[in-house]
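Keeping the supplied structure of chain A fixed, place chain B upon it in accordance with the hints.
2 protein chains.
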Amino acid sequence: MYPPSLRALIEAFRTLPGVGEKTAERYALMIAEQPAEETERFASALMNVKTTLRRCTVCGNLTDGEVCSVCKDPQRSHRQIFVVQSAKDVAAMEKTAEYNGVYHVLNGLISPSKGILPEDLNIERLTDRAKEADEVILATSATMDGETTAMYLDRLLKKEYPQLLVTRIAHGLPAGGMLDYADEITLSHALADRRKM
Amino acid sequence: MYPPSLRALIEAFRTLPGVGEKTAERYALMIAEQPAEETERFASALMNVKTTLRRCTVCGNLTDGEVCSVCKDPQRSHRQIFVVQSAKDVAAMEKTAEYNGVYHVLNGLISPSKGILPEDLNIERLTDRAKEADEVILATSATMDGETTAMYLDRLLKKEYPQLLVTRIAHGLPAGGMLDYADEITLSHALADRRKM
Numbered sequence: 027m028y029p030p031s032l033r034a035l036i037e038a039f040r041t042l043p044g045v046g047e048k049t050a051e052r053y054a055l056m057i058a059e060q061p062a063e064e065t066e067r068f069a070s071a072l073m074n075v076k077t078t079l080r081r082c083t084v085c086g087n088l089t090d091g092e093v094c095s096v097c098k099d100p101q102r103s104h105r106q107i108f109v110v111q112s113a114k115d116v117a118a119m120e121k122t123a124e125y126n127g128v129y130h131v132l133n134g135l136i137s138p139s140k141g142i143l144p145e146d147l148n149i150e151r152l153t154d155r156a157k158e159a160d161e162v163i164l165a166t167s168a169t170m171d172g173e174t175t176a177m178y179l180d181r182l183l184k185k186e187y188p189q190l191l192v193t194r195i196a197h198g199l200p201a202g203g204m205l206d207y208a209d210e211i212t213l214s215h216a217l218a219d220r221r222k223m
Numbered sequence: 027m028y029p030p031s032l033r034a035l036i037e038a039f040r041t042l043p044g045v046g047e048k049t050a051e052r053y054a055l056m057i058a059e060q061p062a063e064e065t066e067r068f069a070s071a072l073m074n075v076k077t078t079l080r081r082c083t084v085c086g087n088l089t090d091g092e093v094c095s096v097c098k099d100p101q102r103s104h105r106q107i108f109v110v111q112s113a114k115d116v117a118a119m120e121k122t123a124e125y126n127g128v129y130h131v132l133n134g135l136i137s138p139s140k141g142i143l144p145e146d147l148n149i150e151r152l153t154d155r156a157k158e159a160d161e162v163i164l165a166t167s168a169t170m171d172g173e174t175t176a177m178y179l180d181r182l183l184k185k186e187y188p189q190l191l192v193t194r195i196a197h198g199l200p201a202g203g204m205l206d207y208a209d210e211i212t213l214s215h216a217l218a219d220r221r222k223m
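In the order they appear, the protein sequences are chains A and B. Take 27 as the starting number for the first sequence in my numbering and just add one per residue. Take 27 as the starting number for the second sequence in my numbering and just add one per residue.
It is possible that part of the hints are untrue.
As the list claims (entries may be wrong) - Simulated crosslink set (BS3-like; lysine-lysine; CA at most 27 Å straight-line): (1) B/K184 - A/K48; (2) A/K76 - B/K76; (3) A/K121 - B/K48; (4) A/K48 - B/K222.
Unchecked claim - Stretch-level coverage of chain B by chain A, calculated; a stretch enters the list once three of its residues show a Cβ under 8 Å from a Cβ in chain A: (5) 40 to 46; (6) 61 to 67.
Simulated from the structure, these hints should not be mistaken for laboratory data. Idealized CB from N, CA, C, for every residue including glycine.
Next comes chain A alone, as it looks inside the complex:
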C-alpha cells in the first residue's frame, strides 16, 4: 500500500512499546510531512543517545558522562542509598524533590521465571557501596519480582553488614503497580512510611 520507504518507517515506529499499526502510520505520516531539518534533528537525537548515553560507573543510572549528576552532587547524602529497578524510577523519585540521598539502579529485577539471576543485575557494586552507607532503602516495585529482589537484597546486605539499616519503601502503591507510574504524592508517602526490614 505505502511506498517501501514509508513502510520501513512505519515498521520502525512499531518497535516502540505499545505502538500498533494505526499509531505507527500516524507517526510516519507526520514525519513524511514535516520539514527535512526536523527529521534530521530527530534522527540525530536517536544516534546521540547511542554515542553519548552510558551507565554511571557509581550507581548504574543513565548519564552522558562517567558519573551521573546525582552521584556527582556533594550536597546530597552519599550515606543513604535508594535502590531501584531502572533509571526511570530515579527520574520519578527526583520529581518528588523529597529525597536527598543517592541512588542505585539494578537494571532489572531478579526473576526466576524469566531466568534473571542476581549475577545478571548491578548488585555486586551495591554491596561495595553499602560498606560506606548508613541506610539502604529498597524501592523495587510492589510486584512478585520486586518483592523477591528486595528480600534477596535484604538478606545479602544484612549478612555482609549486620549493623546496616535496610528499609523497604512503604506499600502506598497499589498491588502490582509499577514505581514509575505512581503519582508524586503516593511516592512521597511511600518514602516517608518506609519500615525497617
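Just chain B, lined up with the frame of chain A:
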C-alpha cells in the same frame, strides 16, 4: 533529571501526534536500551523518508518514484477517480480491496476558518485529469471542511465537464468521523452507496 542526550530524544518523541511526557519517556528509554544497530536502522528509516519519499506527479499520493504504484497499474480503471484528502485515506481504501479505479490526493481540505483556499490544494491537476474520466468520486471526510470541499469540487467539475458523473461517497461514517479511522466494512458500504451529486 535525565541526561541531556536522553532529554533531547524525549523532546523529539514529544513532537509526534498524541505523545505526552510519559509515553515519550518510555519510547526514549526503550531506544536507550536497545542495541545500536537497531537505533541506526530507525534513524536511517527516518532519513530515507526524507530523501526518497515524494508526491506522485499524477495523483499526489506518496511514492518512492515519480508515479505511484496505483497510477502505474494498467489493470486499474484510469477513468474512475477517487478523490481523498490525504495519502492515508488511499491506504485505508486500498485495504478494502473493493476499488479498482485510481485516486486523487488533495493534500488537505478547503477550510475558510484555517485560511486554506482551493489554490492551496492539489485541485488544478484534478480538473486536468477529469477530462479523461467517466466518474469522479468525492471521498472527503464527513466533516464541515470535507463537505465544503466536496461541494466546491462538484460545482467546479460540473461547470467544466457538464457530462461528467460526479458522485459522493455514502455517509456510512458517523458525523465528524475521519476517513482513515473507519473500519473496512463501513468504507465498503460507503463506496457501494455513493450517490450522484
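Evaluated hints:
| no. | hint | result |
| --- | --- | --- |
| 1 | B/K184 - A/K48 | violated, 36 Å |
| 2 | A/K76 - B/K76 | holds, 22 Å |
| 3 | A/K121 - B/K48 | holds, 13 Å |
| 4 | A/K48 - B/K222 | violated, 32 Å |
| 5 | 40 to 46 | holds (count 4) |
| 6 | 61 to 67 | holds (count 5) |
Going down the numbered hints, you'll see the structure goes against 1 and 4, while the others check out.
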